[in-house]
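Colleague: Assemble the complex: chain B is given as a structure, and chain H must be docked to it using the hints.
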Amino acid sequence: MKVAELTKRDFKRNPLMVVDKSLDKFKDHKIPQIKIDSANEISKMESYISLRKERITKP
Amino acid sequence: MLKLSCKEIGKNPEIGKEYDEINKNLFGLHSGRHIIFYQFIDKFEIVKFVSDGPNGKITKIVLYQPMNEPDLYNLALGDLDSKTGEIDFDIRTNNGDRDMILATITETVYAFLYSRPTYSIHFKGSDSVSTRLYQMAISNYFDKLSEDFEIQGKLKNELLRFKKGVNFDAFIIQLKNK
Chain B
1 MKVAELTKRD
11 FKRNPLMVVD
21 KSLDKFKDHK
31 IPQIKIDSAN
41 EISKMESYIS
51 LRKERITKP
Chain H
1 MLKLSCKEIG
11 KNPEIGKEYD
21 EINKNLFGLH
31 SGRHIIFYQF
41 IDKFEIVKFV
51 SDGPNGKITK
61 IVLYQPMNEP
71 DLYNLALGDL
81 DSKTGEIDFD
91 IRTNNGDRDM
101 ILATITETVY
111 AFLYSRPTYS
121 IHFKGSDSVS
131 TRLYQMAISN
141 YFDKLSEDFE
151 IQGKLKNELL
161 RFKKGVNFDA
171 FIIQLKNK
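Which chain is which? The protein sequence lines are B and H, in order. Just so we're aligned: 9 in my numbering is position 9 of the first sequence, and the numbers increase by one with no gaps anywhere. Just so we're aligned: 154 in my numbering is position 154 of the second sequence, and the numbers increase by one with no gaps anywhere.
For reference, chain H alone in the conformation it holds in the complex:
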């Protein structure tokens, strides 16, 4: 019976009831006298929003993709080409609304991590210039961000606590343990 229920969950993960009162992202399915508790892993999260500026309306896609290690996701931001349906992850749009875009991405990070408090998000630019832009954005909002997030930077082969003025290669963001 339990085996059958597990197979059923595998086929249709949405079948269970949410147990938010116990833990975020926790689902349970009754199976006879038991409840099978489970969580979603390896699940993509995709967010769409529109950047509106001098270059027109540009659809932005934020993609949270699971990495090899459990609990680690990569955040990638790209522009949707409405004609081809392709996402360009390397483009720099310069649509004059950088702060709005950063604020929206931060909102998605809150939404993502709030329901997965033990997870980590990795992000870096497609090139050193884009990574530098992320670095500047974190520096500008560091005081506010550090109230809720732990931010680490990768420097060569080390992971260090984020520090203004240091050029990191990539970043890891987590919800603070409170």
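Chain B with its partners taken away, still in its complex shape:
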């Protein structure tokens, strides 16, 4: 629904997110390891791998 609206948007004049360099200082903040472990575990699952492959190859 929203994607349909976004396709009509002029991103040059009306960007979705504005770059704010002052936020770069938060790059070094460590997120809880439990989240990273979970994401990396999912990335090794067969179901995720085939899902990803499908997304990349499907036109």
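Hints in this document: simulated from the structure, not taken from any laboratory. Don't take each hint at face value.
Beyond 10 Å from chain B on every Cβ pair, some chain H residues (computed) [claimed, not checked]: (1) Pro13; (2) Gly16; (3) Gly28; (4) Arg33; (5) Val50; (6) Asp52; (7) Asp97.
Only pairs whose alpha carbons sit at most 30 Å apart, straight line, appear in this in silico DSSO-like list of lysine-lysine [said to hold, decoys possible]: (8) Lys57/H / Lys30/B; (9) Lys156/H / Lys44/B; (10) Lys25/B / Lys60/H; (11) Lys2/B / Lys163/H; (12) Lys53/B / Lys176/H; (13) Lys25/B / Lys17/H; (14) Lys48/H / Lys27/B; (15) Lys83/H / Lys27/B; (16) Lys11/H / Lys27/B; (17) Lys17/H / Lys176/H; (18) Lys17/H / Lys27/B; (19) Lys17/H / Lys21/B; (20) Lys7/H / Lys25/B; (21) Lys53/B / Lys164/H; (22) Lys8/B / Lys53/B; (23) Lys8/B / Lys176/H; (24) Lys60/H / Lys30/B; (25) Lys2/B / Lys176/H; (26) Lys21/B / Lys57/H; (27) Lys144/H / Lys2/B; (28) Lys57/H / Lys27/B; (29) Lys44/B / Lys164/H; (30) Lys27/B / Lys7/H; (31) Lys53/B / Lys2/B; (32) Lys11/H / Lys25/B; (33) Lys48/H / Lys2/B; (34) Lys163/H / Lys60/H; (35) Lys156/H / Lys53/B; (36) Lys17/H / Lys2/B; (37) Lys57/H / Lys2/B; (38) Lys25/B / Lys57/H; (39) Lys164/H / Lys60/H; (40) Lys156/H / Lys176/H.
Keep in mind that this is a model prediction, so the values were computed, not measured. The beta carbon of each residue, even a glycine, is placed where N, CA and C say it ideally should be.
Modeller: This is chain H only, laid out in the frame that chain B set:
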């Protein structure tokens, strides 16, 4: 010449021209008779917004962090401590504006995935209670969200399509292939 241009891009990725008409997040740099096309990967995205409620104004930080696998990012939400400058990713603020916060996070997901249509976002709470809150939020807005997103839930060692009433351990969200 091409090698030199690639080094230049590595040093200053913003140097290229955006080729939005071909693909989102696609940049190109002229190098002699060639154009080197490239995309940003391993790039943090950080969003800041303010939660305003009975506990006062609280600065929220949404962090999109690249994971080991290409195209996979983790979404983490935290509160900024204005005195220390630290982000607390484990806090539950209860500032009475949960719906506004969820709507804002959803906006950032749209912004993130719209420019990276093949990417996936992983998210889970810092503990089972927080994960349950995410679960409830997805359930409440599932009909609306599922118009644009594919949502998967991790259950033990499997990744399944999101279903209301099932307690998942973590979630993966992607833009629907249309």
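Colleague: Confirm or reject each hint.
Modeller: Cross-check of the supplied hints:
Distance check for Pro13/H against chain B: the nearest CB is about 12 Å away, which clears 10 Å, and the non-interface claim stands. At the 10 Å boundary, the C-beta of Gly16/H stays outside the reach of chain B, the nearest C-beta of that chain being 15 Å off. For Gly28/H, the shortest C-beta to C-beta distance to chain B comes to about 16 Å, beyond the 10 Å cut-off, and the non-interface label holds. Its beta-carbon lying about 28 Å from the closest one in chain B, Arg33/H satisfies the requirement of being farther than 10 Å from that chain.
No beta-carbon of chain B comes within 10 Å of the beta-carbon of Val50/H; the shortest separation is about 14 Å. Separation of Asp52/H from chain B is adequate, the least Cβ-Cβ distance of about 20 Å exceeding the 10 Å criterion. The beta carbon of Asp97/H is kept farther than 10 Å from every beta carbon of chain B, the shortest such distance being approximately 21 Å. With a CA separation close to 23 Å, the supplied pair Lys57/H and Lys30/B stays within the 30 Å bound.
Distance restraint check for Lys156/H and Lys44/B: the Cα-Cα separation of roughly 13 Å lies within the 30 Å cut-off, and the hinted pair is therefore satisfied. For the hint pairing Lys25/B with Lys60/H, the CA-to-CA distance comes to about 15 Å; that is within 30 Å, so the pair holds. Between Lys2/B and Lys163/H the CA atoms are separated by roughly 22 Å; this keeps the pair inside 30 Å, and the hint holds. The suggested pairing of Lys53/B with Lys176/H holds, with an alpha-carbon distance near 14 Å, which does not exceed 30 Å.
Taken as a hint, the Lys25/B and Lys17/H pair is honoured in the structure, with Cα atoms around 26 Å apart against an allowance of 30 Å. Under the criterion of a C-alpha separation no larger than 30 Å, the hint pairing Lys48/H with Lys27/B is consistent with the structure, at around 13 Å. Taking the CA atoms of Lys83/H and Lys27/B, the gap is about 18 Å. The hint holds against a cut of 30 Å. Taking the CA atoms of Lys11/H and Lys27/B, the gap is about 18 Å. The hint holds against a cut of 30 Å.
With a C-alpha separation of about 28 Å, the suggested pairing of Lys17/H with Lys176/H holds against the 30 Å cut-off. Distance restraint check for Lys17/H and Lys27/B: the Cα-Cα separation of roughly 25 Å lies within the 30 Å cut-off, and the hinted pair is therefore satisfied. Our distance criterion of 30 Å between C-alpha atoms is met by Lys17/H and Lys21/B, whose separation comes to about 20 Å. For the given pair, Lys7/H sits about 25 Å from Lys25/B by alpha-carbon distance, which is consistent with the 30 Å threshold.
For a cut-off of 30 Å, the pair hint linking Lys53/B to Lys164/H stands: about 26 Å separates their Cα positions. Between Lys8/B and Lys53/B, the direct Cα distance comes to roughly 28 Å. Compliance with the 30 Å bound is thereby established for this hinted pair. Straight-line distance between C-alpha atoms of Lys8/B and Lys176/H comes to about 18 Å, which keeps the hinted pair within the 30 Å bound. Annotation: proposed proximity of Lys60/H to Lys30/B holds, straight-line Cα distance about 15 Å (limit 30 Å).
For the given pair, Lys2/B sits about 12 Å from Lys176/H by alpha-carbon distance, which is consistent with the 30 Å threshold. For the hint linking Lys21/B to Lys57/H, the alpha-carbon distance of about 22 Å falls within 30 Å, and the restraint holds. A C-alpha spacing of about 9 Å is found between Lys144/H and Lys2/B, which places the hinted pair at or below 30 Å, so the restraint holds. Taking the CA atoms of Lys57/H and Lys27/B, the gap is near 23 Å; set against the 30 Å cutoff, the hint holds.
Pair hint Lys44/B plus Lys164/H holds up; C-alpha atoms about 25 Å apart against a cutoff of 30 Å. Only pairs whose Cα atoms come within 30 Å are accepted, and Lys27/B paired with Lys7/H is accepted, the gap being roughly 24 Å. Between Lys53/B and Lys2/B the CA atoms are separated by roughly 25 Å; this keeps the pair inside 30 Å, and the hint holds. Taken as a hint, the Lys11/H and Lys25/B pair is honoured in the structure, with Cα atoms around 19 Å apart against an allowance of 30 Å.
With a CA separation close to 22 Å, the supplied pair Lys48/H and Lys2/B stays within the 30 Å bound. Between Lys163/H and Lys60/H, the direct Cα distance comes to roughly 28 Å. Compliance with the 30 Å bound is thereby established for this hinted pair. Taking the CA atoms of Lys156/H and Lys53/B, the gap is about 22 Å. The hint holds against a cut of 30 Å. The hinted pair formed by Lys17/H and Lys2/B meets the criterion: a straight-line CA distance of about 27 Å does not exceed 30 Å.
The straight-line distance between the Cα atoms of Lys57/H and Lys2/B is roughly 29 Å, inside the 30 Å bound, and the hint therefore holds. Under the criterion of a C-alpha separation no larger than 30 Å, the hint pairing Lys25/B with Lys57/H is consistent with the structure, at around 21 Å. Taking the CA atoms of Lys164/H and Lys60/H, the gap is about 28 Å. The hint holds against a cut of 30 Å. For the hint linking Lys156/H to Lys176/H, the alpha-carbon distance of about 24 Å falls within 30 Å, and the restraint holds.
Hint compliance for this structure: no hint is broken.
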